[in-house]
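Colleague: Listed below, chain by chain, are the residues.
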Amino acid sequence: MSSNSNPPLTRKDFTSDQTVRWCPGCGDYAILAAIQGAMPQLGLKKEDIVFISGIGCSSRFPYYMDTYGFHTIHGRAPALATGTKLSNPELDVWVVTGDGDALAIGGNHFIHLLRRNVDLNVLLFNNEIYGLTKGQSSPTSQPGLVTKSTPLGVIDRPFSPGQLAMGAGGTFFARTIDTNPKLMTQIFVESSRHRGTSLIEILQNCVIFNDKVFEDVTQKETQDDHQIHLEHGKPMLFGKDKEKGLILKGFKLEVVTLGENGVEEKDILVHDAHEQDPSLHTLLINMTLPTHPVALGIIRDVEAPTYGDLVKAQKADSQRKAKVKSMQELIESGHTWIV
Amino acid sequence: MTPTQNKPSATLEKVVIRFAGDSGDGMQFTGSQFAFTSALVGNDLATFPDFPAEIRAPKGTTGGVSGFQIQIGTVEIYTPGDAADVLVAMNPAALKSNLKFVKPGANLIIDIDAFDKRGAKKAGYEGDPLENPKMEAYHIIQAPITSLTKKAVADSGLDTKSQMQCRNMFALGLVYWLFERSVDQTIKELNQKFGKKAPAVAQANTDALMAGYNFGLTVEALPSTYKVPPAKKASGTYRHISGNVATAWGLMAAREKIGNILFYGSYPITPASDILHELSKHKHLDVITLQAEDEIAAVCSAIGASYAGQIGVTASSGPGIALKGEAIGLAMMAELPLVILNVQRGGPSTGLPTKTEQSDLNLAIKGRNGESPIIVLSASTPSQCFEMAYRAVKLAVEHMTPVMLLTDGYLANGSEPWKIPDLGALPPIQQPLAVAKEGETFLPYLRDPEKLSRFMAVPGTPGLEHRIGGLEKQDQTGNVSYDPANHEFMVKIRAEKIARVANYVPEQAIFGPKEGELLVVGWGGTFGALRTAVKELRDEGHNVSLAQFNYLSPLPKNTAEVLGNFKHRLVCELNLGQFANYLREQFPQYTYEQYNKVQGLPFTIQEIKEEILKHV
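As you go down the protein sequences, you meet chains W and X in turn. Be aware that the first sequence starts at 1, since it is given in the working numbering, and climbs by one per residue. Be aware that the second sequence starts at 1001, since it is given in the working numbering, and climbs by one per residue.
Don't take each hint at face value.
[Stated by the list, open to error] Keeping only pairs whose Cα atoms sit at most 16 Å apart, straight-line, the calculated EDC-like set for lysine to aspartate or glutamate is:
(1) X:K1597 x X:E1607
(2) X:K1419 x W:E90
(3) W:K321 x X:D1286
None of these hints come from the bench; they were simulated from the model.
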């Protein structure tokens, strides 16, 4: 049993007795380790933490966490977690999902969760493929990708989780990658602090069905030029020696090099994750190789009332105005007569 | 206030009155006023509104006719009545679309001012509808409702439109006179409704009401009035209640008994939406309502609430219930409490959204993948929805299982007097909470030895951290298991858990002798018609009894005995025989005859009586 008086929790306290059954080399192992590492930093009691998942490789996650956990049905974790959080706001609820689970079968719940801003943390494992069903294309698969279900190549245009989040009024969006445990841990801790729906897109490698899909982003030799780590209040610089940066030219982001064409550091955009207007956040989310680096870090983190806040406020308001205080009073109210 | 009578009076045992007019004519308010006044007099009664399918159909057309039927009696009343003895028709369209619900020889009170050429044409009549020889079968009372209302409220200072909105009160005043009812309650009500904000409106409506009453007193068209003396009802305080409101309140009463939160996840659908409307008014009584993005989110959010230790409830009608199937299976597999309300309507597919039917029984009992038994209940009358909703929560919570409660459009919108219960006397509801034991690993699928239900480990409780889900689980530990023998064991134990619920539900009651010639078997919302038909035939000396089932799965323990004590069994239901086939499967030792109707309409007492007479 854990309580406040006990010694601080460690990673081990969050590790369940179940054998982890992902494929050897799967990116999910690193994500699990990062979460188990981040948990003790949240300052929460472990009985107050709940992991709720849908269906897919990622959705096995709750079995491996020694917290409360619910492995539900395909695509529905956001809806289920909404009920859990609203009816017990004390719980810290995490949704674990994948690109198929969240963006295909569960697309509707995903956007409505974001628009309501329920105070949940969503870990979206994006490997651009269906793994558990053995290799079909997903809503984030790139056009042309040959999979078991698309032998002639994918012709569907892909979804961008971040774009969907912006379109649905999301208040927190971060992107991280399974090869960077430090960044993952930092983002997980920050996302837990955000009040509202925190969406974290984790670029995750599926070694079996879509291996090296993010190699362009993660390759050691080029990663400094192909990633930009956004930090609130800091200039948008990247490159090995932070010699490159982003500027806004018209309505577009442009990559510039410090010292070239008279560009100085003061010309570089400074990241403001707290800006309510999502326009620039959207441009950052949309950056793709080879013209731009891929944006990682907390791209958007803005304040807005959570759904739970509003539920609570309505309850308080109706309690103030209510004439009847109990069911007996309610059923005896209005038109009655005596026989 | 009520003037004295000066005409002869006849006494009736029961009478059916139908108010019909344009959707804007206030027929629902008129009908409910008549209902409440009759209740105050002590009549038993039942009402049913008949809304137009179109939201705002053109004025004066049959598509826009709104009706309200009420049966009042000095005897026990179980239905709003097969057909009307009195029809109030505010225009030709109302007459046209309602004549089929009227008995030959009935009194038709019509607003003769509205029966001009234009009105008749709008309603789709060729020529004057009152000149049709068929109309000779009725006693037509031609009341100049529009012109006399206009006269009565001429000095009110109201504009013409507001003046015309008093027509329904004229009609009501006339009906009050016809049935020797006092106008006092309605005047009181009008003052409460408009008195403060619009005293002129209250006065004009009162004037119209009195004008209608006085018209009855003075004209020769109405030779006599009718008395319907009070019914013998158990003493107590009564109120009116509709099925959907009773359902909502039953859930809320159960919540109060447990002392947690009622979480209602729902998506708008006819005829279930009124439950959402009702519950969303009572947030101060620890009700959370979520209008979800779809039916699946509605049920899933409710499961999420149940998982958090609260009462998760979702509702829908046929199409929505079909969408919820997978999630209900999850709650069944995870063994979490969940209440699913199915306010049945005409199916299949979109079917007849505003009409009633009982064709979701198969869906309720068997409509999920895998071996997935749940508890299925049904309610018999509008007010009984309260008790059955309460029972649904109790069984779900205490047995850790989904429970589906079947009501229907007829119960949902129908209303009747309800003796207000003492909620303290309702049976207690015990959440089977798991308790953490120091040094012991918590086993989430350990079971109560009697009920076979597992224990509720509420997130937030130290020491009970555990994982559940929709994958097959190992006995006791709840860990994922693909072991063949374990799977069969778990399938059987989940089935046995539901079967044992029969030990916790009341035995099946019988109306009439417990053995004999013919047992009429029904379930759910057909109770009123079946009960009345059986009672009337018994009074006429026939050997017939009724078993109306509320507990459908599992069936009460004495069901075989109940069925076996009769020579014949006649199963009456509003589908093609789903309950009859279910009984054949459960009790193949008996034969079953069927009477089925699938017209989107409730049974009439008359047709049931005729059917029964073929079997006795």
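Colleague: Going straight from one Cα to the other, do K1419 (chain X) and E90 (chain W) come out at no more than 16 Å?
Modeller: Since the Cα atoms of K1419 (chain X) and E90 (chain W) sit roughly 40 Å apart, the hinted pair is violated (cutoff 16 Å).
Colleague: Is K1597 (chain X) within 16 Å of E1607 (chain X), Cα to Cα?
Modeller: holds, 10 Å
Colleague: K321 (chain W) and D1286 (chain X) were given as a pair; does the straight-line alpha-carbon distance stay at or below 16 Å?
Modeller: holds, 14 Å
Violation of the numbered hints given earlier is confined to hint 2; every other hint is satisfied by the structure.
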